[in-house]
Amino acid sequence: MIELQGIKKIYLMGSQSLEALRGVSLKIGKGEFISIMGPSGSGKSTLMNIIGCLDTPTAGEYVLDGDKVAGLSFDQLAAVRNRKIGFVFQNFNLLPYATAWENVELPLLFNGKSARKRKERVTELLNAVGLYDWRSHRPSELSGGQQQRIALARALANDPPILLADEPTGNLDSKSGEEIMDVLTELWKEGRTIVMVTHNDHISARSQKIIRLFDGQVLP
Amino acid sequence: MNLTLPRFFWSEYRKRRKKASLITFALFWGTLSTLLLMAFGQGMSIQFQVAFSGLGETLIMVSGGQTSLEFEGLPKGRPNFLYPEDIDYLKDRIPEILRIAPESYGYFQVSAKGKEINRTVHGTTAEFAVMRTQVPQMGGRFLNADDVAEGRKVAFLGWKVASDLFGAADPVGNQIVINRIPFTVIGVLKKKIQDSMYQGPDADQIYLSFHAYRQIDNRRRLDRIHIQPREAGQSMLIEERVRALLGRKDRFDPADRYALGFWNTIENNKEGLAVFKGIEIFLGIIGVLTLLIGAVGVTNLMYAVAKERTKEIGIKLAIGARRRVIVQQFILETMFVFAKGTFWGFITAFNIVHLIRLAPINYDSFGIEAYLLRPEFSLQIFIAYMIILGALVFLSGIFPAWRASRSNPIESLRYE
Chain R
1 MIELQGIKKI
11 YLMGSQSLEA
21 LRGVSLKIGK
31 GEFISIMGPS
41 GSGKSTLMNI
51 IGCLDTPTAG
61 EYVLDGDKVA
71 GLSFDQLAAV
81 RNRKIGFVFQ
91 NFNLLPYATA
101 WENVELPLLF
111 NGKSARKRKE
121 RVTELLNAVG
131 LYDWRSHRPS
141 ELSGGQQQRI
151 ALARALANDP
161 PILLADEPTG
171 NLDSKSGEEI
181 MDVLTELWKE
191 GRTIVMVTHN
201 DHISARSQKI
211 IRLFDGQVLP
Chain H
1 MNLTLPRFFW
11 SEYRKRRKKA
21 SLITFALFWG
31 TLSTLLLMAF
41 GQGMSIQFQV
51 AFSGLGETLI
61 MVSGGQTSLE
71 FEGLPKGRPN
81 FLYPEDIDYL
91 KDRIPEILRI
101 APESYGYFQV
111 SAKGKEINRT
121 VHGTTAEFAV
131 MRTQVPQMGG
141 RFLNADDVAE
151 GRKVAFLGWK
161 VASDLFGAAD
171 PVGNQIVINR
181 IPFTVIGVLK
191 KKIQDSMYQG
201 PDADQIYLSF
211 HAYRQIDNRR
221 RLDRIHIQPR
231 EAGQSMLIEE
241 RVRALLGRKD
251 RFDPADRYAL
261 GFWNTIENNK
271 EGLAVFKGIE
281 IFLGIIGVLT
291 LLIGAVGVTN
301 LMYAVAKERT
311 KEIGIKLAIG
321 ARRRVIVQQF
331 ILETMFVFAK
341 GTFWGFITAF
351 NIVHLIRLAP
361 INYDSFGIEA
371 YLLRPEFSLQ
381 IFIAYMIILG
391 ALVFLSGIFP
401 AWRASRSNPI
411 ESLRYE
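Each protein sequence line maps, in turn, to chains R and H.
When you number the first sequence by our numbering, it's gap-free, plus one each residue, and the end is 220.
When you number the second sequence by our numbering, it's gap-free, plus one each residue, and the end is 416.
Don't take every hint at face value.
Stated by the list, open to error - Short, incomplete list of chain H residues facing chain R, as computed with Cβ under 7 Å:
(1) 98
(2) 312
(3) 318
(4) 319
(5) 320
(6) 321
(7) 322
(8) 410
As the list claims (entries may be wrong) - To be clear about the criterion: a stretch of chain R counts as covered by chain H if any three or more of its residues have a C-beta under 8 Å from a C-beta of chain H, and this derived list gives those stretches:
(9) 49-56
(10) 66-78
(11) 82-91
(12) 200-208
Simulated from the structure, these hints should not be mistaken for lab results.
It should be emphasised that the depicted structure is a prediction, and the values quoted were computed from it without experimental measurement.
C-beta: ideal position from N, C-alpha, C; glycine also.
All chains, full assembly: derive it from the sequences and hints.
Right, here's the structure in full:
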């Protein structure tokens, strides 16, 4: 499903360059639940961004679902992000002026779904995360756990096969964090591929496999 | 219809209403200025044409002159007159002539109902009416072919002559006496504005049939010949042919510019129109520059919006928005800011123009108000304004939109 071969990422900062990833190679099969762990600056987020098609590698090859990502245009990458990948961020990244309903509806809009299909899908997702009654509330009117559940519903809007979660419980209390992890585990059991970045050993224990990064390299 | 994106935009726009209010006012003012200046410019052009057509439509007036060149042994300085037979002579030989009419005039004592005045009296034919914009008021008429053929003693009066002799009463059917000969009034000239004239405005003139006029003025020669070409573009050709034909007949050099006098209103009109078109464009440019100030404000606002929304753009890009979506939203917002600012400017300008047009024009003392009091709010102005506005909306919105759509999703997501 996800195949990385010799991935390097170099950031140029004036005359200096910073090598965030130094030849990362890994394979993540369909339906796997992987945790990426490592200290700050180890390249976890950079790797996550490349897997999520938010960033492109400086060198190496990334094959997603059988397609090489390197040759895709900006809009083709956007289409991949919209249909194949769902994002869950540590700080939720919900649109502050939009309601819970509208936040969940947005990926469906970008995917060109009809009004009827959008209505059906948003209703289904909000019911699934238990926030249908909160559909008219803006993010500022919701708790952290509720916001993350809305973010999860948004990530699942187009039924993507891959879910990328960047510290999904980082901003939540333990109870809400457990609830979110329960949902992620449930989604994995349903057959979705889940890649999660975390610092938390307790959280990573829910995954099948842990990839440890250090100084931009995968530890054996 | 998908209303979610416009609804998002509206939620965001509401937060910036106060910030946008000054820009809205600038756009209102710019629109008002542009439309008013364009309307006044076009109104002046139209009024110039109306005033010019008060003299006549596509008209060439020929008058006699004095030779300035020796010709076939004849000395220079000879007077050269026009005669009634020149009418048929020219009409038979110049197929480009559509209408031709003679005119003789003199200053005479005119009386009616015990009042006596002195006015210029003209003798002419029925064609004169069309060529010199002699439109009668209701209940009257100009001279017709029978009046001319039979030498009927009928008169057509300028509206000031009518009021000087008859006051508010209808003069049609009444008699006036010119040089002790009675004439029946058959019509009164409808009021018009007229910026070009000879012998004074038409309002002060009296028109008789050519043969009847000869009874009060026994000079054989004509004062003018009026010619209307079949096509306006033939006016210079006709001028040359008249010089050549009358030169051959009356023995003067066709190249002698003083042997005949020409008043070619078609060529004069072209020059006048070019001047007024220039004024119209100049006024339009001033208006557009005013509007441009508002447009710069909108561009500035949209750049600020793009900056404020960096994170939002990042989120949208992360969940699959294409560049087109980001550009669309910015263009939509720019259009909305423009629409809000320009709508009231448009309504205000429209009403001001129509209020000004209600002001009456004083036909008796034709002045600058005849040009200023008839601004024109035409479809042409509306289309020109929409094109200018469209260009400004595009230029104001496209650069901030382009910059926003080029955002790096990761950097945008990190932006706080």
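These are the hints, each one checked on the structure:
{"no.": "1", "hint": "98", "result": "violated (65 Å)"}
{"no.": "2", "hint": "312", "result": "holds (6 Å)"}
{"no.": "3", "hint": "318", "result": "holds (6 Å)"}
{"no.": "4", "hint": "319", "result": "holds (5 Å)"}
{"no.": "5", "hint": "320", "result": "holds (2 Å)"}
{"no.": "6", "hint": "321", "result": "holds (5 Å)"}
{"no.": "7", "hint": "322", "result": "holds (5 Å)"}
{"no.": "8", "hint": "410", "result": "holds (5 Å)"}
{"no.": "9", "hint": "49-56", "result": "holds (count 4)"}
{"no.": "10", "hint": "66-78", "result": "holds (count 3)"}
{"no.": "11", "hint": "82-91", "result": "holds (count 4)"}
{"no.": "12", "hint": "200-208", "result": "violated (count 0)"}
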